[in-house]
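*Asks:* Both chains come to you apart, so use the hints to assemble them.
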Amino acid sequence: MPRLIRLAAAAALACASPALADPHPDASRVLSLGGAVTEIVHALGQQDRLVGRDTTSSFPPEVLALPDVGYVRALSSEGVLSVQPDLILSEEGAGPPETIALLQEAGIPFETIPEGHDAEGLARKVEAVAEALGVPDAAGPVIEEIRADLARVEQANAGGGQKKRVLFILSLQGGRVMAGGEGSGADAIIRLAGAENAVSGFQGYKPMTDEAVTAAAPDVILMMQRGDAQADSDHNASLAELAAMPALAVTPAVRDGAVVTMDGLLLLGFGPRTGAAALELHDAIYGAGS
Amino acid sequence: MVAVDAPRDRPEGDRLEGDRRHVGRVLCLLLVLLLALVAILSLGHGASGVSAPRVLADWLAGRQIAPTDRIVLVDIRLPRLLTGILVGAGLAVSGAVMQGLFRNPLADPGLLGVSAGASLGAISGIVLGGMLPAAILSFTGWHLVPLAAFGGGWLAMLLLYGISTRRGRTSVATMLLAGIALAAMIGALSGLIVYYANDSQLRDLTFWGLGSLAGASWTKILAAGPLIAAALLAAPFLARGLNGLALGEAAAAHVGIRVQRVKAVAILTAAAATGASVAISGGIGFVGIVVPHLLRLLTGPDHRWLLVNSALLGASVLVCADMVSRTVIAPAELPIGIITAMIGGPFFMWVLLSNRRVIDL
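Taken in sequence, the protein lines are chains A and B. Residues 1 to 290 in this note's numbering are what the first sequence lists, from first letter to last. Residues 1 to 361 in this note's numbering are what the second sequence lists, from first letter to last.
Among the hints, erroneous ones may be present.
[Claimed, not checked] Simulated DEER-style distance windows between Cβ atoms:
| # | chain 1 | residue 1 | chain 2 | residue 2 | range |
| --- | --- | --- | --- | --- | --- |
| 1 | B | Leu268 | A | Gln173 | 39 to 45 angstroms |
| 2 | B | Met131 | A | Glu120 | 26 to 32 angstroms |
| 3 | B | Gly141 | A | Ala276 | 37 to 43 angstroms |
| 4 | A | Ala276 | B | Gly187 | 42 to 48 angstroms |
| 5 | A | Ala101 | B | Gly49 | 46 to 52 angstroms |
| 6 | A | Arg29 | B | Gly129 | 33 to 39 angstroms |
| 7 | A | Gly201 | B | Gly141 | 33 to 39 angstroms |
[Claimed, not checked] Straight-line C-alpha distance at most 20 angstroms; calculated SDA-like pairs for lysine to any residue:
| # | chain 1 | residue 1 | chain 2 | residue 2 |
| --- | --- | --- | --- | --- |
| 8 | A | Lys206 | B | Leu132 |
| 9 | A | Lys163 | A | Arg73 |
| 10 | A | Lys206 | B | His254 |
| 11 | A | Lys206 | B | Leu34 |
| 12 | A | Lys206 | B | Arg203 |
| 13 | A | Lys206 | B | Tyr195 |
| 14 | A | Lys206 | B | Leu192 |
[Said to hold, decoys possible] Short, incomplete list of chain B residues facing chain A, as computed with Cβ under 7 angstroms:
| # | residue |
| --- | --- |
| 15 | Ala39 |
| 16 | Leu43 |
| 17 | Asp69 |
| 18 | Ala214 |
| 19 | Gly283 |
| 20 | Gly285 |
Honestly, the hints are just simulated from the structure, not real lab data. Glycine residues also receive a C-beta, built at the ideal position from the N, C-alpha and C atoms.
Chain B on its own, in the form it takes in the complex (with noise of 0.2 angstroms):
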């Protein structure tokens, strides 16, 4: 049951079976719940066993506080908290608007080339980034791989877009396929550069592609965070648009929906959140899928409370993987990619398996 325009006027009491829209409600407030707890407990832990509460106890007395705890604090516990919130809400986000766009449960931003690109761009900027000018390096600085890996996803999810649209009305269909073929001409190309990739670029490939919050800072937040809050912002207003083209895009028209501009606001908002989160994290997979997934068969496919929803949990469940990420075998840092697919694929696969008889992909 998908609510296009639900009647307002009913009385809470006199819900219709299969009605979930309450479920959202309860569960947003959960959620935000859960963030705040996981956001607390993050802060708190980390390698070096600064104690959180200890040093915030220490400033609002206006005691000394030690250079090295504000510095874990400050900057490194704290930024990380920020990027994992981001990205995790941007990651999340994306997957729910791109799975309602395509009508596709297995649809995700990887759909609009965003990651190939992203991945081509930081795999060019990792191995060839020596070649580039003295003085565009000295700009640039260690920045260069996440601005290669933006500018990557930006420039294939335009060629895409060029690709699909024609009069003004972009196929989605013709999204998909051509999508497949661009991916098919990246992964040749990152190939051909992997080769000539000496072996210390090899291993930085390797770990930029299992991703990491690692190198949180102040500068990417600052730089990627805007994007990200921007794109967040912006989902709420595709809820209804996208649950209108769950009818079919004729249909969605006929009920008054703009199709073409939920269309380009749902593409440009993907992309954005995607974009900026690989360029500052690398590939993190799975949230984008498993996030909306789990929202819909808890809350139905309304997207009013799915995309807001997919936000928090999406955001709680990266912070909790980067705090095992950090915390499991330090002092050394496990890959945050590798954790969000070890516990999420297990964790996803019982799911459907107990709800095998509800749900139909």
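In isolation and in its complexed conformation, chain A is listed as follows (with noise of 0.2 angstroms):
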């Protein structure tokens, strides 16, 4: 009987908190797919073990050393080979599938980080990265930065109020507004920096028309930087761009020149710096201090 009782115990612990990886504390050579997993690996201090990454890890710069794989969705199954990894951590949807069948045939542990966006999931791509490297206690302080982050927005939110009305604009090439909607990370990144998406009733990036944009008179304009170091310290300049456009003249963030700009990465990459991204992006839209 007392086995039995064990046994349910030990089914309940394992109920009680999932694995979210296998662990692999001996791999030493680790290929990193996705900028967000190669962000946490980082955190976590495991940069030594990194072998080769994919090209949306770009941050921290060392990582540019490294070799690159490709786009994550269109890896070559001998290009993965070729830099010798025995454990492969990947965001969610790599692929081509005939790739990945492969890498699992050749015996290399395949590893997919769960997505998130929001507290909770962020806290479980930090943990699948810290459990797969075999390092769970590592996990911990980088969990608790980004909570704590987080928080300060939140506490920086109690006051109650109302909140700010984003709008996200992607691009505007030939002066077509390309705004983020619902179910994208730009969506997500609002929501956590306490503010509110100004658009709705469309999912991901899509183009949108010039009296919708309009209607939906957002407080403030949040763009990506252009990594051109000058241009983006330009505020004038990127005011001026989107004062030119009759649909945004009229919104209240133009008219009030609350333009935000940030770098993608950061603001998208929903990684280990989301939390301190978040409380950016707060104090941007909201305000330093307030």
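*Replies:* What follows is the structure, given as structure tokens:
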């Protein structure tokens, strides 16, 4: 009987904290696929075990020195094998499936890290990477840091008051507003920053008609930096560009000059820096110290 | 000069001026050697640096082969090589057949609606595939997109063939015009589906359109190989008919060619080869147009050598392009469509410019 009880207890424990990934503490040649996954490996202090990365992994800058096996959804089997990994950590959606099947046949452990855009999801991502690398204890401090930043955002918002409405513009190509709708990464980070997405009713990033942009009447417009330091620091230039479009010119955001630009990877990476990104975005939207 | 039924008893030394059949024969031999050479090179090169000769020597000596070496050679490079040969030969022969059938140097299998239909099928598979019932999805697995592309290609081709065939007679001109209308409709449908695609699906679509042999596998070769091989084997039997058609349909009928049958077989052959090729490798442009043209410049328009040589040169070109695609930015991979266009476009332009006096399209 005691054996049965012990079994039951073990089962209950297993259910309480289901393993997110199989541990591979001995893996010394890790291939990391996905910008967030690579950032998490670094945040956990395990960067010395990395031997390769995918194209979307570009932070911190030292990972750029690693061989790049290409875009995560279009991997080449031989390319991946050529970096001789003994563990592959990948974000969801790696492909093509033929390549993944071949890698599994080659006996290389392949751990898929669950996607997540909210506080819980981010914690699960970090835990999964830490478990796969066999360093589960390293996850705690990283998660704590993310939670602390998000808690500060929440604290700042606790005073109540109207949430600001933010419009994320992915691009203004040809004078057409490509906006971030429901379920997009932009929508998630705007929520994390304690604001509200000014547009809804469509999924992902879609072009919007001018009238809908005007009707959305965003308080703040959020855009990604272009990676050109001089252009990015010139706030007036991006404001002038937005004001030149009639549909945007009449919005409260352009009228008040409330245009926020942030680094794209920081903003939409959903890795260990997302807490800091949410806080930075919150301060930019509501003004620091609010 | 088109040889419909050249006299066979003319002595070798007594060639008429402009008779380039012997060039075709010599070229065929050279192209076989070229294909063998690129095939060996292709097996020996790759991102992982696995040495094919060493593994082969180990295997012949009966020594143990490392599992990774075996996977790289047997499950990665060999299927890719075979896929490259099949797809390259299939696309080039389809191009040559279509140019003969439409008597137009710009014709390619795209005129049959195969490419547009296949692309619509692939787009639907990528974007809408997830909505299918689980039973179908578990049956098709990852082969959903290739199957959808193949189905789409054939559906479009049959539709077009049905539209342009009246009372057992296919009008090539109607097919050409209806093909443009069909392509516009398919383009609109594709656009609609693309609009609803999410970001990762959009990237998948872009990569599909650029083509790649990266998904090559034995399963795909077993599925598409027989179809392409059948088309390749059927093509030489079309040579005489296509030569006759070059004179015009009426003249061809007068010299005893069964025009309707040639048309039907030509269309089926091109559709089978292109449909299967596009399904397993995505959209790879340029091979179908440039390879036959290059050969026509060398050996003239006689289809008896043109079709065989197109298959050989097309296979070599694609295997070469794939080798570049796999190694140039290793360990990552450049889509093959970029390479065929980047190298082939300027090369073809140079050929055209340097032959400006000789050829007049």
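*Asks:* With the threshold set at 20 angstroms, check whether the alpha-carbon distance from Lys206(A) to Leu132(B) stays at or below it.
*Replies:* Answer violated: Lys206(A) to Leu132(B) is near 24 angstroms, above 20 angstroms.
*Asks:* Going by Cβ atoms only, is Asp69(B) closer than 7 angstroms to chain A?
*Replies:* Not OK, violated: Asp69(B) not within 7 angstroms of chain A, min 10 angstroms.
*Asks:* Taking 7 angstroms as the limit, does the beta-carbon of Leu43(B) come near enough to a beta-carbon in chain A?
*Replies:* With a closest approach of 12 angstroms, the Leu43(B) hint is violated.
*Asks:* Any CB of chain A closer than 7 angstroms to the CB of Gly283(B)?
*Replies:* violated, 14 angstroms
*Asks:* So the hint says 37 to 43 angstroms: do the beta-carbon atoms of Gly141(B) and Ala276(A) match that?
*Replies:* holds, 41 angstroms
*Asks:* Could you check the hint for me, namely that Ala101(A) and Gly49(B) are 46 to 52 angstroms apart, CB to CB?
*Replies:* violated, 23 angstroms
*Asks:* A closest beta-carbon separation below 7 angstroms is what the hint needs, so does Ala39(B) meet it against chain A?
*Replies:* violated, 17 angstroms
*Asks:* Does the beta carbon distance between Gly201(A) and Gly141(B) stay inside 33 to 39 angstroms, or does it fall outside?
*Replies:* 35 angstroms Cβ-Cβ, so the 33 to 39 angstroms window holds.
*Asks:* Within a Cα-Cα threshold of 20 angstroms, do Lys206(A) and His254(B) meet the stated pairing?
*Replies:* The hint is violated at about 59 angstroms.
*Asks:* Are Leu268(B) and Gln173(A) spaced within 39 to 45 angstroms by their CB atoms?
*Replies:* holds, 43 angstroms
*Asks:* Close enough to count: is the Cβ of Gly285(B) nearer than 7 angstroms to one in chain A?
*Replies:* Since the shortest Cβ distance to chain A is 18 angstroms, the answer is violated.
*Asks:* Quickly compare the C-alpha distance for Lys163(A) and Arg73(A) to 20 angstroms and report which way the hint goes.
*Replies:* violated, 37 angstroms
Against the hints set out earlier in the document, violations occur for numbers 5, 8, 9, 10, 11, 15, 16, 17, 19 and 20.
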